[in-house]
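Participant: Place chain B on chain A using the hints.
In order, the protein sequences belong to chains A and B.
Mapping to our numbering: the first sequence position 230 is 230, numbers consecutive.
Mapping to our numbering: the second sequence position 78 is 1078, numbers consecutive.
Just so you know, not all the hints are guaranteed correct.
What the hints assert, rightly or not - Which stretches of chain A does chain B cover? Using the computed rule of at least three CB atoms under 8 angstroms from a CB of chain B, they are:
{"#": "1", "region": "47-61"}
{"#": "2", "region": "88-99"}
{"#": "3", "region": "324-330"}
{"#": "4", "region": "382-393"}
For the record, the hints were derived by calculation from the structure and aren't laboratory data.
All C-beta atoms, glycine included, are put in the ideal place defined by N, C-alpha and C.
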Amino acid sequence: MIKPQSLAQKIIARAAGRETVRVGEIVNCRVDLAMFHDSSGPRRLKPMLEELGAQIWDKSRVVLVMDHYLPERNEESRKIVRIARDWANEQALPYVYDGLGICHVVVPEHGHIAPGMFCVGGDSHSPTGGAFGAYMFGIGSTEMLGVVVTGEIWLSVPKTIAMNWSGRLAAGVCAKDMILAMIARFGINGANYQAVEFTGSAVRALPMQERMTLCNMSAELGAQTGLVAPDVVTREWLTQAGAAVPIDLGTLQSDPGSTDQQHDLDASTLSPQLAAPHSPARGVTLAEHSSTRIDVAYIGACTGAKLDDLHFAAEVLRGRKIAPSVQLMVAPASLKDRAHAEADGTLQALTDAGASILPSTCGACAGYGDSFRENQTVISSTARNFRGRMGPASTQVFLGSPYTVAASALRGYITDPREVLQ
Amino acid sequence: MIVSHKIWHLGADVDTDALAPGAWMQYGIDVVAQHSLENLLPAFAREVQPGDVIVAGPNFGIGSSREQAASALVQLGIAAVIAPSYGGLFFRNAFNLGLLLLTCTQTERLQKEERLVLDGSGPAILLQSGARLDCEPVPEFLLKMARAGGLLPSLKQRLARERDAAGIAHG
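Bound conformation, chain A alone:
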């Protein structure tokens, strides 16, 4: 009898050329897609490839996105971006997205990810691809060199931990609150580098970009990847993006009895979540911070500035003005999402409320240049609030959903969005 296989195991087995794989065994997998950006990619890969005298194994499986050091702000960042552009030309890479937005959003937007694929990314938020039913995880630049030269990577077959969400989210609560709640409960490394699969009626009810938010922050749960089994929502979204979606998605599901652990969670009773400085796992209630004043409200990054996130913020802010003491910054995750938000009036609603719109790049979230100032208190829809990441060590960053960030901008102190939703 064949042992039941989880979705993660099925994808790994196919990539390893096997029928099935056992949890804990080390296998070599063929990589279907390797994605990297201006920081983790060319500036690190080019010299190592030259040192090896090696070539890229398959350029059609490589995607380069410029997002971390754009817009260039000094000689160093200009140099890093120039290296990426020159190398892309020299190598005649077929898929280069330069200034179109953040890699984890731009890559699926252009149809590069499909259910069942085995993918790696040169960035820790690469599990975002798991939202599409792919196995995608982040690796460092040297390991990416190995992939780029050999087309392969080793893996210890992970356990699958099911996070099973029943019920339905209430108004003003979204996927960001679900993942912050899981990180607060299980810890910053709670998934112990295993695979997390998000299941249940509340997950099935989520639109694609909300599923991306869940999988994106499985990195902060310490998972190697986060997955959502593909369904009709996945198919519809990816077909529009031009991806080649397998005809039969029925096999790309976890077999009954294949998960090693299941946690049951209720979406109906979930309230908006808040993580205090300096860890995404420092869950606190909004009520205990209702008198915490904020200087900056930031809606940005692959985690928290996709079109759905911008819609959430606009739901709160339409027809209103933010508190005069607050600076509200919005950096749409991609140019495509930005164009949609422009066309449907979302961006106008946000700027009318007092938001400034920033370039569609990693911006302050990466902390590679644009960052907040000494002693500022920030509430942010991004993924990480480690000390010193988004500003000096004295910068205090709270994490919340786009609803919560918008509500806090409105009042000037940390606010439960359900108090102000119109």
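Facilitator: Structure of chain B alone, referenced to chain A:
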């Protein structure tokens, strides 16, 4: 010859952004290394000596994929990191860059120690009192890769072998 290593003590949840601060990521590893851990141990980069080890709490290296978090420690000559658990991505990066990580659940027993001895055959740690702390086994291929200096030298050897084999086949 038995070599004892000076210990640098750190707490839990030391993240990649503390090891390789974002503001310095635009520069080369020599610069990044000079700012490694500056928010937690201001004297670290200035005073660390090649051969020193780091003993830390759980979840060492959580966060980003930036491998400069590991290569900064290699650059400073850190002989090993000892912690009860690691960020998964950092764990892979460390071995890929030739940095030895030891997983030891009893690091609290090292809290008052100033030096320790690494027993490579264990892997294990020996204290001055003579006590021995066993560490979790590391897959042999990872140990071999770290000893060879990481993935880049290993790839060099692999490609050289493949070229030799191809040369013989065509010869």
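Participant: Against each hint, give a clear statement of whether it holds in the structure.
Facilitator: A quick look at each hint next to the structure:
1. 47-61: n = 5 at 8 angstroms, threshold three: holds.
2. 88-99: Contact hint for the region 88-99 of chain A vs chain B: violated, 0 residues under 8 angstroms.
3. 324-330: violated (count 0)
4. 382-393: It holds, with 6 qualifying residues against the three required.
Of the hints listed earlier, those the structure fails to meet are numbers 2, 3, in rising order.
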